[in-house]
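Asks: Below are the chains, spelled out letter by letter.
Number of protein chains: 2
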Amino acid sequence: MTIEEFFQLSAGKWFSHRTSQDLASKQSKSSKSDVIIETLAVDDPEVVKLCQNYKIDPSHASCGVRFTWKAIESDKEKHSGSTVVVTVPDEGHPHRGKLLQEIVSVEKTSMTGRYQIGSDDALILTTESETIWSEERLWFASPNLRMRSNLIKRSGNFSMASYTSEIRMGGSKPDAKASEAA
Amino acid sequence: MTIEEFFQLSAGKWFSHRTSQDLASKQSKSSKSDVIIETLAVDDPEVVKLCQNYKIDPSHASCGVRFTWKAIESDKEKHSGSTVVVTVPDEGHPHRGKLLQEIVSVEKTSMTGRYQIGSDDALILTTESETIWSEERLWFASPNLRMRSNLIKRSGNFSMASYTSEIRMGGSKPDAKASEAA
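Protein chains in written order, with my numbering: chain A, 10 to 191; chain B, 10 to 191.
Same shape as in the complex, but just chain A:
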């Protein structure tokens, strides 16, 4: 699967069920949200702007995606937000490259990372700042069931594992064939 195909398959409305397991306190917390994923044309003004913010030629972008989420059950944390993600492949290596991201939630933050699509069609997203390292693995169990595992390090120590099951909304069963998911 290419990164473009991965995001095209991700487009749509999803019910997202996330559980975070705190590795130090050994407590877990679940949250549910509705997520809308939209693919953006690479000449979309938001994609172009995000590239320019990072001083990257927008013509090098391969994908743009907007994620919008809204919590179903209040969990005292961010209830809603959106983020735009842009992928910029490494030259000659379309399966991996830079990940540009702008998150609009309680506050607006920018971050860069790396993406890589493996031979098993799983997408790995890695982001890193001075204090936080995050690696997320996303994969499709079926066109209507997406799974994610996320691991976070703070100050060099593993602190949190989060796991998410995402079911496509709109009546299709999670085990529907690809042709039914469109």
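Relax, there's no trap hidden among the hints.
It does not matter which identical chain is used: a pair holds within one copy or between any two.
Under the rule of at most 25 angstroms between Cα atoms (straight-line distance), these lysine-lysine pairs were calculated in the DSS-like manner:
| # | residue 1 | residue 2 |
| --- | --- | --- |
| 1 | K162 | K41 |
| 2 | K22 | K35 |
| 3 | K22 | K162 |
| 4 | K35 | K162 |
| 5 | K162 | K107 |
| 6 | K79 | K38 |
Calculated from the structure, these hints are not laboratory results.
On the provided structure of chain A, position chain B as indicated by the hints.
Replies: Just chain B, lined up with the frame of chain A:
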């Protein structure tokens, strides 16, 4: 990584934090347990017996492992149990093959499945009966932090996703180097 190396790295005492997400009812449930993983010699009587139960020549087995678990918090389900797993590689393909298993818990059940170690060092275990299909992915984030995602179909429909973080017990931090984990 070979299947032998995967199980050798798995050997020890682990704190296991599991969350099951019911894909139909959208409810989640967490449970915690202590797990002991012991590697068994391929000529161990339990390994030999399990092979014989499946009419497989014990000399074809590559690994034997015993898992013993005990729930930390009562969750009205199986509180403890043990299972012996034996791997029998496909001829000429050590990275994949048959998985023989006997589970001793509320009742004693036998099941066979398949294992495969990927080029990303993740272990995939697949088991299937007439009504239940299960696929589990296990991987090491570090020598002291093991992660598992499990997906279950009942009667052809995805019914449950379970996610587990396992932290090696004994004082080592999850992010310790391999040399510290021994």
